[in-house]
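**Q** So the protein sequences, as listed, match chains V and D.
With the first sequence counted from 1, adding 17 to any position gets you the working numbering.
With the second sequence counted from 1, adding 414 to any position gets you the working numbering.
None of these hints come from the bench; they were simulated from the model.
Where is the CB? At the ideal position from N, CA and C, for every residue including glycine.
Be aware that a few hints might be false.
So, partial list: chain D residues that the calculated Cβ filter (under 8 Å) puts toward chain V [unchecked claim]:
(1) R423
(2) E425
(3) G426
(4) Q436
(5) D443
(6) G444
(7) G455
(8) A456
(9) L458
(10) I467
(11) V470
(12) A471
(13) R474
(14) A477
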Amino acid sequence: MTAPIQSDIDIWADDILVDPYPTYAELREQAAAVHLPKNDLYVLTRYDAIRDALGDPESFSSASIGFNPMVNGALQGTSLASDPPVHTQLRAVLSQNLTPRALRGLKVVIDEKADKLVAELADSGSFEAIDSLARAFPIEIVADLIGFQGHVKDNMLRWGQAAMQVLGPLNQRTQESFPIAGELYGWCSSVTAEDLAPGSIGRGIFDAEARGEIPEGSAGHIIHQYLGAGVDTTIASIGNIVALFGRHAEQFDLVRANPELVPAAFAEVLRYWAPVHIWGRKATRDVEIDGVTIPAGAQVGILFGAGNRDPRHYENPDTFDVTRNPVDHLSFGYGPHGCAGQGLAKLEAHAVIEALARRVQTLTIGDEVREPSNITRSIEKLQVEKVVAV
Amino acid sequence: MKIELDRPRCEGHGLCEEAAPQLMHLDDDGELVIDVPDVDGAELDAAKAAVRICPVAALRLAAA
Numbered sequence: 018m019t020a021p022i023q024s025d026i027d028i029w030a031d032d033i034l035v036d037p038y039p040t041y042a043e044l045r046e047q048a049a050a051v052h053l054p055k056n057d058l059y060v061l062t063r064y065d066a067i068r069d070a071l072g073d074p075e076s077f078s079s080a081s082i083g084f085n086p087m088v089n090g091a092l093q094g095t096s097l098a099s100d101p102p103v104h105t106q107l108r109a110v111l112s113q114n115l116t117p118r119a120l121r122g123l124k125v126v127i128d129e130k131a132d133k134l135v136a137e138l139a140d141s142g143s144f145e146a147i148d149s150l151a152r153a154f155p156i157e158i159v160a161d162l163i164g165f166q167g168h169v170k171d172n173m174l175r176w177g178q179a180a181m182q183v184l185g186p187l188n189q190r191t192q193e194s195f196p197i198a199g200e201l202y203g204w205c206s207s208v209t210a211e212d213l214a215p216g217s218i219g220r221g222i223f224d225a226e227a228r229g230e231i232p233e234g235s236a237g238h239i240i241h242q243y244l245g246a247g248v249d250t251t252i253a254s255i256g257n258i259v260a261l262f263g264r265h266a267e268q269f270d271l272v273r274a275n276p277e278l279v280p281a282a283f284a285e286v287l288r289y290w291a292p293v294h295i296w297g298r299k300a301t302r303d304v305e306i307d308g309v310t311i312p313a314g315a316q317v318g319i320l321f322g323a324g325n326r327d328p329r330h331y332e333n334p335d336t337f338d339v340t341r342n343p344v345d346h347l348s349f350g351y352g353p354h355g356c357a358g359q360g361l362a363k364l365e366a367h368a369v370i371e372a373l374a375r376r377v378q379t380l381t382i383g384d385e386v387r388e389p390s391n392i393t394r395s396i397e398k399l400q401v402e403k404v405v406a407v
Numbered sequence: 415m416k417i418e419l420d421r422p423r424c425e426g427h428g429l430c431e432e433a434a435p436q437l438m439h440l441d442d443d444g445e446l447v448i449d450v451p452d453v454d455g456a457e458l459d460a461a462k463a464a465v466r467i468c469p470v471a472a473l474r475l476a477a478a
């Protein structure tokens, strides 16, 4: 047993949440696993350690993906918070509507919607990119997909944000978000097939429950996870696309000139700015990582963004390079709990990047405004001061 | 070495096919088909790349 390597930082301090990359670099140079006594937490910082942990649910359980006991208790019995073999069945139910084969028919509609929205914004001369694109687009897609209507659609943004926020430690942000996350939970507990638009995937999930294909009562939980996991993260990713293309005009020009770079560009956006700051696991046994022992029972925090910038894995990791094509980035996680919605996320983001490449010549952006958030790292406001349409 | 597929875990993301189209493909229903399960030499390298890139860890290489 070796003495743990420690840092006295608070990983949820406001300044770190807004700009975590200098801290990630320090922690990563200290060790692959660093003990943070202030947070009662061991964080994983290097690429290999993170990927190995995500691929080893026997040693790193999902019993505590959140960082407070209330949220972990509330998530018990869901796919997100369970381990194989129970997880395997729950995951299959969750993902059957989200697999690339299930989504194949949606591509044309998603591409058309992205093109229409981006064309309007490109012609407008200037626009605020977060409300009018990063939020508007995924909310419309997910609402149509699941069949949300009326007041539910209006609540998707705040419910989705709160569902992520409450995974944090019991700080003020978490406390303030619990009542809002509770609204979402309450609605999902009472939602019925009739509340969802006919022909939607959400209606289909209830039909599957009525036919006995999925366990009774699970339809509401699935809807809850789609909304909780699929809104805030995608919003962050699309906001990051606009900000990074605005900051790196030469990279945007490369994508405009070579549309086949679209998937690589999105992978690089995800690698460069991870939408999810930290995600939890629990060590089920003493685990030694590069000479540091994480004791059995310890809360573990996975720093996706730190692993994505590990120079042991990526050359010039702090350079944003759309030709890199880092298909093995960590932002979707990896292994049995790897992001179930990554097929949909890619459809949405690729559609937005293709539309930007087709419709926009140049983007001039102001500084991105960020607010500290426990789990998701996203831009709050981003003014596109000048957009020149093709 | 032999390519093994954990069928229930496979969700058809298709990254393996991009990494090793000579060894596997998604059929018309989006189900993964391993065309060449036993691999060595250059095919082994492609198989390793496919195993590595699977986002849900549904593929592995085992002793033939």
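**Q** If a hint holds in the structure, say so; if it does not, say that too.
**A** Evaluated hints:
Annotation: interface hint on D:R423 holds; nearest CB of chain V at approximately 7 Å, less than 8 Å. Taking 8 Å as the C-beta cut-off, the interface hint given for D:E425 holds, the closest approach to chain V being about 4 Å. Taking 8 Å as the C-beta cut-off, the interface hint given for D:G426 holds, the closest approach to chain V being about 5 Å. Here the hint on D:Q436 is broken, as its CB sits about 18 Å from the closest CB of chain V, past 8 Å.
Annotation: interface hint on D:D443 holds; nearest CB of chain V at approximately 7 Å, less than 8 Å. For D:G444, the interface hint holds, the least distance from its beta-carbon to any beta-carbon of chain V being 3 Å, beneath 8 Å. A distance limit of 8 Å between C-beta atoms decides the matter here; for D:G455 the minimum to chain V is near 23 Å, and the interface restraint is violated. Below 8 Å, beta-carbon pairs count as interface contacts, and D:A456 has none with chain V, the closest being about 20 Å; its hint is therefore violated.
Taking 8 Å as the C-beta contact cut-off toward chain V, the hint placing D:L458 at the interface is violated, the least distance being around 19 Å. Among the interface hints, the one on D:I467 holds; its C-beta lies about 6 Å from the nearest C-beta in chain V, closer than the 8 Å criterion. Taken as an interface hint, D:V470 checks out: its beta carbon lies about 5 Å from the nearest beta carbon of chain V, inside 8 Å. Because the smallest distance between the Cβ of D:A471 and any Cβ of chain V comes to about 4 Å, under 8 Å, the interface hint for this residue holds.
Checking D:R474 against chain V: minimum C-beta separation of about 10 Å lies over 8 Å; hint violated. Interface restraint check: D:A477 against chain V, minimum CB-CB distance 20 Å, threshold 8 Å, status violated.
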